[in-house]
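> These are the residues of each chain, in order.
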Amino acid sequence: MMKNKNKYLPGWLLLLLVTAILAGCKPVTDDGPYVEPVTLYEKVNGIWNLSDLRQVDETAKAAGLSPSEVSLYAQFTFGTFSIDLKTEANTPTAYQVSGTAPELFPNAGYWQLDSAFPYADGTTPKILLYSDVAKTVKTGELSITSVPGATAAMELRLTRTSGGVPFVSYIYKLVR
Amino acid sequence: MRIMKKSVLFFGLMCLTLFSAKAADINPDRQWCVPAQYSPDEEITWYFDFSSSAALPDGGDLYIWIWVPVNPVETLPGPDQDKVKLTYKGDRIWALTFTPTEFFGMSAADINANSESSFYFLLRSLSFDDWHTGTLSFPKADYVGNFVRSGNVWAYATDDVQNNLYPTSNLTIWFNANLADGFDKTSDVHLHSGYNNFADHIIEYHAWETTGCDPQSACYTELKNLGNGIYKKDLVPYNYFLAEESDPMENIEFLFVQRDWSANLGTFTIRAAGVPVPPTPVLSIFPSNISNSDLMSIKRTDNPRNSIPLKYEITGDNGRAISGEFTGSLKEQIIYIDVRKSFGDNVKSLRIVVKDAADNEISDSVKQLTVADTLQ
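Residue numbers (our numbering), protein chains in the order written: chain A, 1 to 176; chain B, 1 to 376.
No lab work stands behind these hints, which were simulated from the structure alone. Accuracy of the hints is not assured; some may be wrong.
Said to hold, decoys possible - Using 30 Å as the maximum straight-line C-alpha spacing, the simulated DSBU-like pairs for lysine-lysine come out as follows:
no.	chain 1	residue 1	chain 2	residue 2
1	B	Lys331	B	Lys341
2	B	Lys341	A	Lys126
3	B	Lys341	A	Lys61
4	B	Lys185	B	Lys224
5	B	Lys331	B	Lys311
6	A	Lys86	B	Lys341
7	B	Lys341	A	Lys138
8	A	Lys173	B	Lys331
9	B	Lys341	A	Lys135
10	A	Lys138	B	Lys348
11	B	Lys355	B	Lys341
12	B	Lys299	B	Lys355
13	B	Lys311	B	Lys367
14	B	Lys341	B	Lys299
15	B	Lys224	B	Lys83
16	A	Lys173	B	Lys341
17	A	Lys135	A	Lys173
18	A	Lys43	A	Lys126
19	B	Lys299	A	Lys173
20	B	Lys331	A	Lys61
21	B	Lys299	A	Lys61
22	A	Lys61	B	Lys367
23	A	Lys61	B	Lys348
Build out the structure end to end from the sequences listed, making use of the hints.
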């Protein structure tokens with residue numbers, strides 16, 4: 001009986017040895033230095049020029065009435081509109097609108113995104129506008145209805161509400 | 001003997017046939033009344049065009065034999081036959097000019113009260129046997145009463161059964177001063193008018209031209225006063241507007257003007273036959289709701305000729321105001337307004353007045369501005 005036990009011992013040792021060898025074969029990965037993940041700030045920041053401005057009659061649109069949308073690009077010198085969304089080290093700082101177009105939101109101030117990353121559920125990210133550098137007094141919200149991707153084009157939507165119900169929107173189509 | 005009897009009968013029948021054939025049937029190709037509509041105490045003329053009735057020689061005598069409402073003559077031929085004789089106007093047109101009340105010896109009320117809705121008559125030679133028409137008629141109606149009862153401030157009628165207007169039409173325009181603001185029903189009323197939205201052949205009311213009755217005079221444009229505030233004007237467009245029959249006439253436009261322009265009403269339009277109904281102009285403000293920091297546009301589509309450029313006067317409830325002209329074509333006249341730039345931050349409503357190029361008011365309305373939510 002004892003003899004039988006010793007007969008199997010070398011097999012166990014061999015199995016142990018092979019396992020040890022195989023474990024030792026795992027390669028060492030070189031991840032390189034740590035980098036920040038890609039944020040929306042990298043896509044959104046910089047100088048954008050207006051290529052179209054559309055005014056949406058939200059009341060008419062909700063009621064299914066026509067017309068619900070007109071282009072105002074050829075009016076009010078909207079052709080001169082450009083916006084500079086400044087960042088420092090991927091942190092949003094000030095923004096500045098140049099041109100002589102009507103001021104539908106304040107021409108200058110500070111900005112940030114409500115989320116540095118695209119929402120997983122597809123919620124439209126927003127540019128929040130502030131009048132103070134501490135970003136405590138909000139002066140506007142611009143929805144990013146089209147995020148820059150392969151083409152350097154962005155669409156921002158400014159919506160005004162009354163009693164929580166939208167009544168007019170302005171859609172800024174922007175290009176680099 | 002028997003054969004002879006038959007021959008006599010045959011010969012007699014033949015004579016009868018010949019005799020009958022001698023009384024030739026004639027019928028007018030066209031008949032019309034001038035003016036198109038009238039009061040029974042006005043002079044009117046019935047015209048008959050016999051272009052294709054070969055049995056009636058040019059200028060042949062024609063008499064009217066009328067039985068509704070009454071016949072003014074007892075017999076034809078007879079002592080009063082000239083009273084019912086038509087006048088030859090040339091070009092195979094015959095005419096009878098008469099004043100219904102005098103002609104029939106009836107009051108206007110009696111003529112209107114007569115239960116028949118037409119005048120029934122025939123036209124014939126004096127002997128009847130030379131030529132005669134079948135029964136003819138003209139509509140008979142209480143035109144004045146119908147117009148008054150319609151409750152319309154104006155109306156028109158032409159001599160066309162479908163009321164089409166051509167440059168050569170006989171046109172009657174009615175006006176009820178009782179229903180027109182500022183009009184005194186005893187004063188005289190004039191037509192200030194022109195072709196094609198006042199683009200051509202304009203016949204203005206020259207209040208100061210009090211002598212004569214040529215097209216430059218006040219007399220030429222004056223409406224006939226039928227009393228009780230009812231006025232009418234009878235005209236043939238190409239004659240009245242000193243145009244050619246062939247001149248393009250899309251419409252005639254006019255204003256009713258009281259003496260010395262002390263009141264006026266218009267502009268009214270009568271479209272010519274075959275001219276499609278133009279789309280109705282639509283004035284709109286975009287967007288539906290506007291706050292005082294928004295942009296707005298005011299647009300009017302399908303504007304009539306000669307109405308542009310439209311003008312605007314917009315006054316804020318804070319007293320700030322802007323005015324100017326629309327831009328664009330007849331199809332679309334538009335203005336764009338930056339509310340805050342024009343009216344400031346404290347404006348709550350806008351009074352918007354739109355006028356046409358001739359300062360006629362198109363719209364006067366107040367737009368309440370929407371208060372936008374403040375950001376959280």
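> Please go over all the hints and tell whether each is borne out by the structure.
For each hint, the structure was consulted:
Restraint check: the Cα-Cα separation between B:Lys331 and B:Lys341 comes to about 28 Å, which is no more than 30 Å; the hinted pair holds. Under the criterion of a C-alpha separation no larger than 30 Å, the hint pairing B:Lys341 with A:Lys126 is consistent with the structure, at around 27 Å. The hinted pair formed by B:Lys341 and A:Lys61 meets the criterion: a straight-line CA distance of about 27 Å does not exceed 30 Å. For a cut-off of 30 Å, the pair hint linking B:Lys185 to B:Lys224 stands: about 12 Å separates their Cα positions.
Of the supplied pair hints, the one linking B:Lys331 and B:Lys311 holds, its CA atoms being roughly 16 Å apart against a limit of 30 Å. As the CA atoms of A:Lys86 and B:Lys341 are separated by approximately 28 Å, the hinted pair is consistent with the 30 Å bound. The straight-line distance between the Cα atoms of B:Lys341 and A:Lys138 is roughly 22 Å, inside the 30 Å bound, and the hint therefore holds. Taking the CA atoms of A:Lys173 and B:Lys331, the gap is about 29 Å. The hint holds against a cut of 30 Å.
A C-alpha spacing of about 27 Å is found between B:Lys341 and A:Lys135, which places the hinted pair at or below 30 Å, so the restraint holds. Distance hint between A:Lys138 and B:Lys348 is fulfilled; the C-alpha atoms sit about 24 Å from each other, no more than 30 Å. Only pairs whose Cα atoms come within 30 Å are accepted, and B:Lys355 paired with B:Lys341 is accepted, the gap being roughly 23 Å. Proposed proximity of B:Lys299 and B:Lys355 is supported: the alpha carbons are some 13 Å apart, at most 30 Å.
Pair hint B:Lys311 plus B:Lys367 holds up; C-alpha atoms about 17 Å apart against a cutoff of 30 Å. Between B:Lys341 and B:Lys299 the alpha-carbon distance is near 20 Å, which keeps this suggested pair within the 30 Å criterion. Between the alpha carbons of B:Lys224 and B:Lys83 the distance comes to roughly 27 Å, so the proposed pair stays at or under 30 Å and holds. A C-alpha spacing of about 23 Å is found between A:Lys173 and B:Lys341, which places the hinted pair at or below 30 Å, so the restraint holds.
At roughly 26 Å between alpha-carbon atoms, A:Lys135 and A:Lys173 fall within 30 Å of each other, so this suggested pair holds. Restraint check for A:Lys43 and A:Lys126: the C-alpha separation of about 13 Å stays at or below 30 Å, so the hint holds. The suggested pairing of B:Lys299 with A:Lys173 holds, with an alpha-carbon distance near 25 Å, which does not exceed 30 Å. Straight-line distance between C-alpha atoms of B:Lys331 and A:Lys61 comes to about 24 Å, which keeps the hinted pair within the 30 Å bound.
Taking the CA atoms of B:Lys299 and A:Lys61, the gap is near 18 Å; set against the 30 Å cutoff, the hint holds. Distance check on the hinted pair: A:Lys61 and B:Lys367 sit about 20 Å apart at the alpha-carbon level, within 30 Å; holds. Distance restraint check for A:Lys61 and B:Lys348: the Cα-Cα separation of roughly 24 Å lies within the 30 Å cut-off, and the hinted pair is therefore satisfied.
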